[in-house]
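A.B. asks: So the sequence lines, in the order shown, correspond to chains Z and F. Per our numbering, the very first residue in the first sequence carries number 1; after that it's consecutive. Per our numbering, the very first residue in the second sequence carries number 1; after that it's consecutive.
No lab work stands behind these hints, which were simulated from the structure alone. Careful, some of the hints might be misleading.
Unchecked claim - Residues from chain F shown here face chain Z by an in silico Cβ test under 7 Å; the list is partial: (1) P82; (2) P85; (3) P87; (4) I382; (5) L395.
Said to hold, decoys possible - Calculated lysine to aspartate or glutamate pairs in the EDC-like style (CA-CA distance at most 16 Å, straight line): (6) F:K189 - Z:D202; (7) Z:K189 - F:D399; (8) F:K189 - F:D202; (9) F:K207 - F:E10; (10) Z:K207 - Z:E10; (11) Z:K189 - Z:D202.
Stated by the list, open to error - Cβ pair distances, simulated, as ranges: (12) F:A28 - Z:D391: 37 to 47 Å; (13) Z:E164 - F:D330: 18 to 28 Å; (14) Z:G151 - F:Q386: 48 to 58 Å; (15) Z:D21 - F:P263: 41 to 51 Å; (16) F:R400 - Z:L226: 25 to 35 Å; (17) Z:A28 - F:P393: 32 to 42 Å; (18) Z:D391 - F:G127: 42 to 52 Å; (19) Z:D3 - F:G258: 39 to 49 Å; (20) F:D370 - Z:D70: 20 to 30 Å; (21) F:E294 - Z:P23: 49 to 59 Å; (22) Z:E40 - F:D330: 30 to 40 Å; (23) Z:T17 - F:S45: 52 to 62 Å.
All C-beta atoms in this analysis are idealised placements derived from N, C-alpha and C, irrespective of residue type, glycine included.
So you can see what is in the structure, the chains are spelled out below.
Protein chains: 2
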Amino acid sequence: MTDGFLSHLECPACGATYDADVPQNLCACGSPLLARYDLERLAASGALDDLSARPPTLWRYRELLPVRSDEHVVSLGEGMTPLTPLPRLGAAVGVPGLLMKDEGLIPTGSFKARGAAVGVSRARELGIQAVAMPTNGNAGAAWSLYAARAGMRALVVMPRDAPEITRRECAAAGAELYLVDGLIGDAGKIVGEAVAGGSWFDVSTLKEPYRLEGKKTMGLEIVEQLGGRVPDVIVYPTGGGVGLIGIHKALHELRALGRLDGPLPRLVAAQAAGCAPIVRAFEGGARTAEPFPEAQTVAFGINVANPLGATLILDAIAETGGCAIAVTDDELLAAVGETARLEGAFVCPEGAAGVAAIRRLRADGWLEPDDEVVLLNTGAGIKYPQTVSADPPVLAPGDRLPAG
Amino acid sequence: MTDGFLSHLECPACGATYDADVPQNLCACGSPLLARYDLERLAASGALDDLSARPPTLWRYRELLPVRSDEHVVSLGEGMTPLTPLPRLGAAVGVPGLLMKDEGLIPTGSFKARGAAVGVSRARELGIQAVAMPTNGNAGAAWSLYAARAGMRALVVMPRDAPEITRRECAAAGAELYLVDGLIGDAGKIVGEAVAGGSWFDVSTLKEPYRLEGKKTMGLEIVEQLGGRVPDVIVYPTGGGVGLIGIHKALHELRALGRLDGPLPRLVAAQAAGCAPIVRAFEGGARTAEPFPEAQTVAFGINVANPLGATLILDAIAETGGCAIAVTDDELLAAVGETARLEGAFVCPEGAAGVAAIRRLRADGWLEPDDEVVLLNTGAGIKYPQTVSADPPVLAPGDRLPAG
Numbered sequence: 001m002t003d004g005f006l007s008h009l010e011c012p013a014c015g016a017t018y019d020a021d022v023p024q025n026l027c028a029c030g031s032p033l034l035a036r037y038d039l040e041r042l043a044a045s046g047a048l049d050d051l052s053a054r055p056p057t058l059w060r061y062r063e064l065l066p067v068r069s070d071e072h073v074v075s076l077g078e079g080m081t082p083l084t085p086l087p088r089l090g091a092a093v094g095v096p097g098l099l100m101k102d103e104g105l106i107p108t109g110s111f112k113a114r115g116a117a118v119g120v121s122r123a124r125e126l127g128i129q130a131v132a133m134p135t136n137g138n139a140g141a142a143w144s145l146y147a148a149r150a151g152m153r154a155l156v157v158m159p160r161d162a163p164e165i166t167r168r169e170c171a172a173a174g175a176e177l178y179l180v181d182g183l184i185g186d187a188g189k190i191v192g193e194a195v196a197g198g199s200w201f202d203v204s205t206l207k208e209p210y211r212l213e214g215k216k217t218m219g220l221e222i223v224e225q226l227g228g229r230v231p232d233v234i235v236y237p238t239g240g241g242v243g244l245i246g247i248h249k250a251l252h253e254l255r256a257l258g259r260l261d262g263p264l265p266r267l268v269a270a271q272a273a274g275c276a277p278i279v280r281a282f283e284g285g286a287r288t289a290e291p292f293p294e295a296q297t298v299a300f301g302i303n304v305a306n307p308l309g310a311t312l313i314l315d316a317i318a319e320t321g322g323c324a325i326a327v328t329d330d331e332l333l334a335a336v337g338e339t340a341r342l343e344g345a346f347v348c349p350e351g352a353a354g355v356a357a358i359r360r361l362r363a364d365g366w367l368e369p370d371d372e373v374v375l376l377n378t379g380a381g382i383k384y385p386q387t388v389s390a391d392p393p394v395l396a397p398g399d400r401l402p403a404g
Numbered sequence: 001m002t003d004g005f006l007s008h009l010e011c012p013a014c015g016a017t018y019d020a021d022v023p024q025n026l027c028a029c030g031s032p033l034l035a036r037y038d039l040e041r042l043a044a045s046g047a048l049d050d051l052s053a054r055p056p057t058l059w060r061y062r063e064l065l066p067v068r069s070d071e072h073v074v075s076l077g078e079g080m081t082p083l084t085p086l087p088r089l090g091a092a093v094g095v096p097g098l099l100m101k102d103e104g105l106i107p108t109g110s111f112k113a114r115g116a117a118v119g120v121s122r123a124r125e126l127g128i129q130a131v132a133m134p135t136n137g138n139a140g141a142a143w144s145l146y147a148a149r150a151g152m153r154a155l156v157v158m159p160r161d162a163p164e165i166t167r168r169e170c171a172a173a174g175a176e177l178y179l180v181d182g183l184i185g186d187a188g189k190i191v192g193e194a195v196a197g198g199s200w201f202d203v204s205t206l207k208e209p210y211r212l213e214g215k216k217t218m219g220l221e222i223v224e225q226l227g228g229r230v231p232d233v234i235v236y237p238t239g240g241g242v243g244l245i246g247i248h249k250a251l252h253e254l255r256a257l258g259r260l261d262g263p264l265p266r267l268v269a270a271q272a273a274g275c276a277p278i279v280r281a282f283e284g285g286a287r288t289a290e291p292f293p294e295a296q297t298v299a300f301g302i303n304v305a306n307p308l309g310a311t312l313i314l315d316a317i318a319e320t321g322g323c324a325i326a327v328t329d330d331e332l333l334a335a336v337g338e339t340a341r342l343e344g345a346f347v348c349p350e351g352a353a354g355v356a357a358i359r360r361l362r363a364d365g366w367l368e369p370d371d372e373v374v375l376l377n378t379g380a381g382i383k384y385p386q387t388v389s390a391d392p393p394v395l396a397p398g399d400r401l402p403a404g
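Isolated chain Z (complex conformation) (with noise of 0.2 Å):
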């Protein structure tokens, strides 16, 4: 046990600095806050360095995490995803050395549980009892089943048209539940009126900042996995961009405590054309998003029209050089057949989104043909069957195949 390294929060707009061993959500000037560390001391203490003897869960970054008594941890055994290779899918869109980080191999089958187990056990030890958030689908899941396991109620609000699947887990878990006939941006509102009454503390996506440290360790990762380095360019399916925020943060972290060296990779948002802020305010170079009109997509965790994170994602795509880039529905329904098929992943729709910006940017020449790549699959295929059919042929007992 240790009292760990977190020292306080910091608004990464205003700089203003908070308490962080008292709950909180936004800064008062409207933006997230950041967890910071006492990375000096954290380096002069050595703590990280057994790490590649630590279990194979995302705990082993532990002095990177906010919970500061491991009697508060809660945990399903997430983290440490496979980064595989994809050599005949690389080969096809033209990059040979892509790598998927596999988010599916996780509990709930998304890397919301990254977020979902760091946030509740830090609501847990804060003495948080009730928590509530809108979701497109996997954060909800993710986040009644991690509350289930605290012990703690959960108020989840989703969009009627989310993965049917998620609406069962949260159902599972006990949750609170509710659909609405909108987006997530709808299913918001109504959380933010019911978190107005006191009882449910408000956890949506970047509204209380301790889902992003669990995100950022998929960027921690994949440093340790390469050996203590980083990849040329990083993928990110890019709905509400935690993810993408917290790799960049991770990496800023390694390089502060002298364990990453050189250039960061290059972050690409991928987006789906249908709901894309994050690509129209890059390519327009703004500094702020707007909210993407009739948002739509079959990658329904990235249907996310208005993110209250667009301000960190565009900078941080600046900073390392990065870019935004949206696909069609149908690019990336063909990328979810076309990965199967050749690498035997099933991978979700967002994952297959950047699939398809891959392909795209190497054909633009954006990607040169020796980049090594890192492609975020957020989330297991199985958790929408819907994006492949099967109609196969039906036998009776006693039936022989037909010739062929």
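Using the hints provided, position chain F relative to the given structure of chain Z.
C.D. replies: Okay, now just chain F, sitting in the frame of chain Z:
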């Protein structure tokens, strides 16, 4: 790279031996064949001494696996699934020292990935280019996807009632998929006819020796994760029973290697009351099982009326002082919800059958309150969404939540 320690194949029924370096199916006597290793040479080599520093996949047990050359390994990062404490569920069923080995956190979302990874890798090494199998769903999905990764053809026949998601996984992978209006036995007969045609290699359960080698890694991991010892009891949802046979084999190999002392854990086969051939045989004191008539259960993965490995299962149970027990569909469906609400784990119905079995065994006094029990959850609950109903209220944008 190593040429490995695999020495030959052996028939556990008649003792005949076979060359492991050419494709083999059953023994001439009709029994499955088991892979044998030169354990004396392996023990002397010290090759497994650096285990804790190896990557967290089942390939860390390389020297106890049949693939001779690393270049043939077909991997999606499978293995080293979490061993998660379930203290609240344990207290509810009467054994607080309950742990769950969560096989939902693996490619394709079920433990079948282990058998597919090792089976496909070894098949590729032996020059096989097309594999065929009947399946209750998850094995077909796993073998289809790993075969795709290996560039190998796959023929899969599954019951029409098998979980629909698995059908889509096979289709996504590009497998040749057929449904049959019957049970897995009917699918097996159709595959048998196709295999007799000569262009497919039969990878049905236990009809080739290497799927079992993948499954046995669950046993190797349990011992490693417990720090080199075994629990009192291991509960295994048993259909074909390859996992139970594999765990038993693994424990014997570790013993022969001098890496495990003391009595083996009592092995428990948990079955559904609607398909309980092993339970019937166990209760009748038989070493073979009779086909179970009109087999039916919602826990589709354990709907195997006539398991080829029955004798191996019954022998493993008898040798370890274990037992076989059946639970009703109502009991196991209730356990799905209870496990989610108390522990945040959405388990598959087969895993839930294990939970219900543990409750019964404790009530019967077969389990003591201080027994340490490891439950195998053989797959992710999200592959069986229909086991949980969800009918939440639907709100319109701008609505408030109902008071309460």
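A.B. asks: Each hint: holds or not?
C.D. replies: Hint by hint, here is what the structure shows:
1. Taking 7 Å as the C-beta cut-off, the interface hint given for P82 of chain F holds, the closest approach to chain Z being about 2 Å.
2. For P85 of chain F, the interface hint is violated, since its Cβ never comes within 7 Å of a Cβ in chain Z; the closest pair sits about 9 Å apart.
3. Because the smallest distance between the Cβ of P87 of chain F and any Cβ of chain Z comes to about 10 Å, over 7 Å, the interface hint for this residue is violated.
4. Because the smallest distance between the Cβ of I382 of chain F and any Cβ of chain Z comes to about 5 Å, under 7 Å, the interface hint for this residue holds.
5. Because the closest C-beta pair between L395 of chain F and chain Z is about 5 Å apart, less than 7 Å, the hint holds.
6. Using a Cα cut-off of 16 Å, the hinted pair K189 of chain F and D202 of chain Z is violated, with the two alpha carbons roughly 56 Å apart.
7. Using a Cα cut-off of 16 Å, the hinted pair K189 of chain Z and D399 of chain F holds, with the two alpha carbons roughly 9 Å apart.
8. For the proposed pair K189 of chain F and D202 of chain F, the alpha carbon gap of about 12 Å is at most 16 Å, so the pair holds.
9. Of the supplied pair hints, the one linking K207 of chain F and E10 of chain F holds, its CA atoms being roughly 13 Å apart against a limit of 16 Å.
10. At roughly 13 Å between alpha-carbon atoms, K207 of chain Z and E10 of chain Z fall within 16 Å of each other, so this suggested pair holds.
11. About 12 Å separates the Cα atoms of K189 of chain Z and D202 of chain Z, which keeps this hinted pair within 16 Å; it holds.
12. For the pair A28 of chain F and D391 of chain Z, the beta carbons lie near 41 Å from each other, so the given range of 37 to 47 Å is met.
13. A hinted range of 18 to 28 Å for the beta carbons of E164 of chain Z and D330 of chain F is consistent with their spacing of about 24 Å.
14. Distance hint for G151 of chain Z and Q386 of chain F: a CB-CB separation of about 28 Å, inconsistent with the stated range 48 to 58 Å.
15. Between D21 of chain Z and P263 of chain F the Cβ separation comes to about 49 Å, which falls inside the hinted range of 41 to 51 Å.
16. Between R400 of chain F and L226 of chain Z, the C-beta spacing of about 49 Å breaks the proposed range 25 to 35 Å.
17. Taking the beta carbon of each, A28 of chain Z and P393 of chain F are about 35 Å apart, inside 32 to 42 Å as hinted.
18. At roughly 33 Å, the beta carbons of D391 of chain Z and G127 of chain F sit outside the given window of 42 to 52 Å.
19. About 42 Å separates the C-beta atoms of D3 of chain Z and G258 of chain F, a value consistent with the hinted range of 39 to 49 Å.
20. Remark: the range hint 20 to 30 Å for D370 of chain F to D70 of chain Z is upheld by a beta-carbon distance near 24 Å.
21. Our hint of 49 to 59 Å for E294 of chain F and P23 of chain Z holds, since their Cβ atoms are close to 57 Å apart.
22. Between E40 of chain Z and D330 of chain F the CB atoms are about 59 Å apart, so this pair departs from the stated range of 30 to 40 Å.
23. For the hinted restraint 52 to 62 Å between T17 of chain Z and S45 of chain F, the CB-CB distance of approximately 57 Å keeps it satisfied.
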